[in-house]
Structures are given as C-alpha cells and as structure tokens.
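Sequences are here, hints too, so could you generate the full structure?
Our numbering numbers the first residue of the sequence shown as 2 and each following residue consecutively.
Keep in mind that a hint or two might mislead.
Straight-line C-alpha distance at most 20 Å; calculated SDA-like pairs for lysine to any residue [stated by the list, open to error]:
hint, residue 1, residue 2
1, K286, L60
2, K59, T44
3, K248, T44
4, K100, E58
5, K318, M166
6, K248, V376
It is worth saying that the hints were derived from the structure and are not from the lab. Every value quoted in this text rests on a predicted model; they were computed, and no experiment measured them.
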Amino acid sequence: MAVAVTVEVPLFLTFFSFVLVGSVYTNLIIYRTCYLSLGYNETECALLGTVYNNETEKLEKLVEPYAAVVNMVRTTTESVFSVLLCLFIGPWSDRFGRKPVIIVSLIGGTLSLLLVSIFSYFPKLSPWYSVVCSIPVLVTGGGAAYLSVILSYITDVSNEESRGMRMALFEGVLAGGILLGNISSSYLFYATSYVWVFAIAAAISALGLLYTIFFIPESLQNPETQGKLRGFFQISNLMDMALTTFKRRERYIRTLILLNLVLLTIVIFIINGDSGIMFLYLREKFDWTLTKFTLFSSATNVVWIVSTMGGTYLLHKILKIEETVLLLIGLIFALVSALLQGLAKTDAYLYTAGGVRCFSGMISPMSRSLISKLVPDNEIAKIFSMIMASEFLFGLGGSPLYTAIYNSTINSDPGVFNYLTAGLYAIGMVLTITMIIIQKIDSPYNQLNNEEAEETNASVVNGAIN
2 MAVAVTVEVP LFLTFFSFVL VGSVYTNLII YRTCYLSLGY NETECALLGT VYNNETEKLE
62 KLVEPYAAVV NMVRTTTESV FSVLLCLFIG PWSDRFGRKP VIIVSLIGGT LSLLLVSIFS
122 YFPKLSPWYS VVCSIPVLVT GGGAAYLSVI LSYITDVSNE ESRGMRMALF EGVLAGGILL
182 GNISSSYLFY ATSYVWVFAI AAAISALGLL YTIFFIPESL QNPETQGKLR GFFQISNLMD
242 MALTTFKRRE RYIRTLILLN LVLLTIVIFI INGDSGIMFL YLREKFDWTL TKFTLFSSAT
302 NVVWIVSTMG GTYLLHKILK IEETVLLLIG LIFALVSALL QGLAKTDAYL YTAGGVRCFS
362 GMISPMSRSL ISKLVPDNEI AKIFSMIMAS EFLFGLGGSP LYTAIYNSTI NSDPGVFNYL
422 TAGLYAIGMV LTITMIIIQK IDSPYNQLNN EEAEETNASV VNGAIN
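And the structure:
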C-alpha cells in the first residue's frame, strides 16, 4: 500500500525536539543539583560543563552522582508508566486505529516540554521537580506506546518486500532527528538560555502534532468507532496480546520470535543505560564540554545513518543477505565499538569507536523485518506492542545499573560500564547465531526467501523472452 504522507515527518520532529533538550536538560539538572540540593556556590556551579580546571573537576565528582540519581528516577518513572499503558494501547489500536494514539502521545510530549520550560524559568525550583514535568508523558503512553504504534502504522502501509527498507528508514529518521538535535542543542543553548531551548523544543513537538492531525491518514481501513473508552482497559485485549506472542507455532516460529524479543530488549537495555552516562563519562575522563560532545554525537550519527540506510539497501535489498546475518554483523561492530570506548585513552579512540559502530544500526530494523515475515499481518501489531513493552520494562534496569557502576568506579575507571555493554552484545551474538542455526534446520523463512527468489528469477526470464 502506498501513501502520500507518512508518520516519518512527525517522528523526525519528535526526536529532534527530544534530543534538542537532552544534554541541555542533563546540564540543567547538574546545575540545579549543585547549588540547590548540595548547597555549593551558584557562580561556581554555573561553570560546570563549560569551564574545566582543578576546582570544577573536584566539584564535578561531588555533584554528578546525585544528579545521576535524579535523572535515573525521572527516566525510570517515565518508563514504568509507558510500559503499563503500552500493554493496552497496542491491542486497542488494532480496533480503533493508530492515529488517535499518535496524536495523544504527541500532546503529552508537547505539554511535558512546556512544563520543563516553566521549570527552567524559576531558578529556585529543586531538580526533583523535573519528575513532575514528566506527568503529561506518563498519562499519555510515552515512548513505548508512541513507537509501537508507529511501527504498527509502518507495517500497515508496507508489504513484505518493502518492509525491511521501511524499517531501516524508520531507524534513519530517528537518527536524523537525533543528529539535528545534537548539532543544534549546544549552540542554541549558548546563544539563548535554558528557557528558550525548552520552549523551542515544545514548538517543534507541537508542529509534529499539527502535521499529524491535518496530514497523516489513518492506516486501518475500517477502524471501530463505538466504545473507544470502554475498550481501552479490557483485560481480554491484554491476554490476547500475550497469547499471540507466546502461543505454540509450527516450525520454530515461536522460538525465533522470542529470541528476537530478547535481543531487542537487550539492545534497549544498553541504550537506556549508556545514554544517561556517556555524557557524564566524557565530561569526567576527557573534560569534554557540551559543544564538543554534541559535535562528536553528530559526527558519529552521520556515519550511523549512512551505514544503516546504505548497508540495508545494498546488503539486504540488492544482495538479498538474510536478516539474521546482518544482525550478527551489526552486533559484532557494536561490541568492538564498546570495547574501544572502554579502553579509550585519547579522543582518537572515541572517534574510531563511533566509526566502528556504523553497521550497528541494522540490528533493530532487521530484527523487526524478520518478525514481520514470520507472522500474519493481523498479529504483527500485538507482537510489536509486546516487544516494545518488554524493551521498556526490562530496559528500566539499564539506567540504575549503569548509574551504580559509574558512581562506584568514577574515581578509578569511569569507563568500566563499556565492558558491560560489550558483554551484553556478546550475548546478543549468541542469540543471533542460534537463530541462524534454526533457520538452517527448518523455518518458513527459508521457504519465503525461496519463493521470493523464484518470483525474481521468473520476472527476469519473462523480461528476456519479451
């Protein structure tokens, strides 16, 4: 099915606004923690993240552990409620449509950014008020619900042949929003203020909301219109989603689905843990400023986007390399990148690690593409919702675990958490190798590939005859 406009536009705007405030928000919490929660001199606290000398380095070590806990509580609270609502939103969207969920999620994100801008305007508000700013996100589904419905929408408007590239485009759009947000954040912050950064991000999110309302069509052909509220918190929907994911299937399909579920959960666990600590790690060990960090993130994201899109197109679409093989390649590159970051002595190690990470972007789209080929179309949304809930639920442990490791090693080797990341990617490699072995033994995926190859060969022969 072809559509004139798609969810990629609001998806890009959402992640652009999210990343635009990411590092700036962390900086604000560190600043507020320093002079409000810990009682240090406000003028000296304002230097954290912008000026590096012996005094700020000592102050940094005193403030960062407390600030990391504030961030952990905020992100964990958001994730818990997001998971709970995601369990009901997926089945609900199968009946009543994807667009209402996308709109409500964008409303919550926009209101949350507005609250953050108000929070930043009043200098005497404790950093713990940042948790209050998350309330609109908590009650509207948050990231888990938003992304699971976006993936279901993409599945609705694509076929098996194009789905791999559409999933790669999904990842590319996310990375593009992250890239632009990283490039802009520090420069916008230094040119304006905390308040303006958050207000501009709220305006960008509102733009995505308006685009969705007026230009994005509903992907379901005949969504139900009666009993929307009554049909939301139905336990039967929750049970149906669980049974669809875990029910017995022929020819190892259930095993492949569950292995992919575990793999994607591990990846999100790493992202949740690593993303909240990386900026602190680079500030501590390499004295990086916010500007330098955003330039580094931007450069590595450019490589990541090009490699993900180009690699998926060339290796999967043109050369027809199976998803599981590309999964294994992506995991190998991710593992090596984590080891380089942990062993880093100079900036060159870090930029090399960012380059090596290039093909890790194929992990998520290839995994989701494989799942979509193994199950009927009417079950994909339920399984994606279960996977997204698993990612966010078990991903909750990422932030506190990485924070605990970082705080306990900050005075010895603050990069130890990178070795945990490498170990988790190694587990992912074992899961992927298991999937490859299963496919070689007996799987309908091989039959599907053979049918696609036969259709391609038949088209070539017919073209030659004509």
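Going down the list of hints, with the structure as the test:
For the proposed pair K286 and L60, the alpha carbon gap of about 14 Å is at most 20 Å, so the pair holds. Proposed proximity of K59 and T44 is supported: the alpha carbons are some 15 Å apart, at most 20 Å. With a CA separation close to 60 Å, the supplied pair K248 and T44 exceeds the 20 Å bound. Taken as a hint, the K100 and E58 pair is broken in the structure, with Cα atoms around 48 Å apart against an allowance of 20 Å.
As the CA atoms of K318 and M166 are separated by approximately 8 Å, the hinted pair is consistent with the 20 Å bound. Distance hint between K248 and V376 is fulfilled; the C-alpha atoms sit about 12 Å from each other, no more than 20 Å.
Violation of the numbered hints given earlier is confined to hints 3 and 4; the remaining hints are satisfied by the structure.
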